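There are 2 protein chains.
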Amino acid sequence: MDDIMIRNIVDKVIKNLSDQSEKEEYLPIEASARHVHLSKNEVEGLFGKGYRLTPKRELSQPGQFLSQERVAIIGPKGMFKNVAVLGPERKNTQVEISRTDAISLGVDAPVRESGNIKGSSSIFISANKNMIEIKEGAIVAKRHIHMPPKDAERFGLEDKQIVSVKVFSDRPVIFEDVLVRVNKDYRLNMHIDFDEANACNFKNGVKGQILTEKGK
Amino acid sequence: MDDIMIRNIVDKVIKNLSDQSEKEEYLPIEASARHVHLSKNEVEGLFGKGYRLTPKRELSQPGQFLSQERVAIIGPKGMFKNVAVLGPERKNTQVEISRTDAISLGVDAPVRESGNIKGSSSIFISANKNMIEIKEGAIVAKRHIHMPPKDAERFGLEDKQIVSVKVFSDRPVIFEDVLVRVNKDYRLNMHIDFDEANACNFKNGVKGQILTEKGK
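These protein sequence lines are chains A and B, in that order.
According to my numbering, the first sequence is numbered sequentially starting from 1.
According to my numbering, the second sequence is numbered sequentially starting from 1.
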């Protein structure tokens with residue numbers, strides 16, 4: 001074989017590989033159970049002056065951890081005990097529940113992007129013998145994708161972009177209106193809540209595929 | 001205007017109207033809460049010899065009714081009280097729950113088409129002081145569309161066909177793998193369960209649109 005033939009073959013192999021990588025837009029997915037983020041103020045209100053959350057294990061997003069502490073969340077119609085508290089402490093306390101949870105608790109939690117709690121539902125939180133009310137902060141987390149910049153580049157997406165995601169389960173759905181959040185500290189992962197997880201019969205290991213407007 | 005001109009105009013108007021009707025593929029949707037269908041045998045086991053269900057109000061599907069009777073359903077991890085019983089009596093007892101319910105109850109109910117209960121989960125049902133076990137019959141109902149033949153013709157669909165349905169809510173999803181059931185006694189309606197309803201923030205009046213393979 002001469003050089004030109006070899007070069008042609010190499011070109012074809014490279015093209016083939018890059019075509020394939022374009023197709024490999026598979027997303028890991030995680031289902032988030034109900035959980036609570038607490039501010040320092042609320043940590044102290046529930047666990048005592050000077051108290052800090054105790055990490056139990058790391059979560060998929062770097063720096064985030066499941067704490068050893070557990071709380072109850074309470075609404076006019078019900079309560080959930082033994083709810084996970086995620087650390088580290090945040091600026092504002094935020095309670096993330098599903099619509100099903102919201103109905104059980106009797107709170108009207110809106111679907112919101114994490115951090116956007118203005119005017120969201122009030123809720124009560126208790127631990128040990130302490131019980132506090134947060135005036136706002138109970139939300140249903142809007143489904144979203146954590147994405148580091150290198151993946152954003154690969155997918156051709158930007159922070160705050162809205163995409164659809166097809167879930168390859170045995171009860172397949174396409175989630176529209178999925179928020180892309182790009183940050184260098186993120187690990188690639190789509191987060192859905194348990195209503196969404198159950199609606200598509202999600203099991204660990206089930207993957208998604210991003211459908212942009214073009215691909216719809 | 002001569003006859004031919006008028007005929008051309010009429011043809012255009014008719015074509016326009018039929019184009020529009022093709023676009024008007026909007027589907028009414030209903031969310032089904034957990035409920036129970038009982039066989040005569042089980043009605044008697046729960047409510048006494050010779051007992052028959054008492055209709056309380058008619059449901060969207062002709063001939064089907066919500067009965068005045070209520071039951072509890074019980075699994076190894078939990079129970080739900082005050083569960084609706086739908087009539088009339090069926091050949092086989094069937095308990096329809098969501099995945100969320102199945103997890104709460106601790107039963108492994110498979111996603112199944114109504115009536116296909118072979119090998120599905122066992123569950124206990126109680127009413128008054130009676131409690132019975134059904135060996136199989138607890139399922140998560142596969143999402144489906146009840147469709148009379150005239151609508152099937154309009155949509156170009158057949159009994160047992162699988163379609164996708166886009167839901168026009170403020171948390172929009174496309175449900176894939178939706179079963180079409182055609183029967184002259186049906187009224188056009190898509191049925192989803194509460195996990196699916198909550199995943200798309202369904203409210204009464206939210207409509208769907210059938211996407212066939214062609215339209216995907």
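Some clues are possibly wrong.
If several chains are the same, the list does not tell them apart, and a pair holds so long as it fits within one copy or across any two.
No more than 25 Å apart at the CA atoms, straight line, and that leaves these computed lysine to any residue pairs for SDA-like [claimed, not checked]:
(1) Lys77 x Asn130
(2) Lys56 x Gly119
(3) Lys160 x Arg70
(4) Lys150 x Glu133
(5) Lys91 x Lys118
(6) Lys207 x Asp3
(7) Lys142 x Glu176
Note that these hints are calculated values from the structure, not bench results.
None of these values were measured; they are calculated from a predicted model.
Provide an ascending list of the numbers of those earlier hints which the structure does not satisfy. Hints 2, 3, 4 and 6 contradicted; others consistent.
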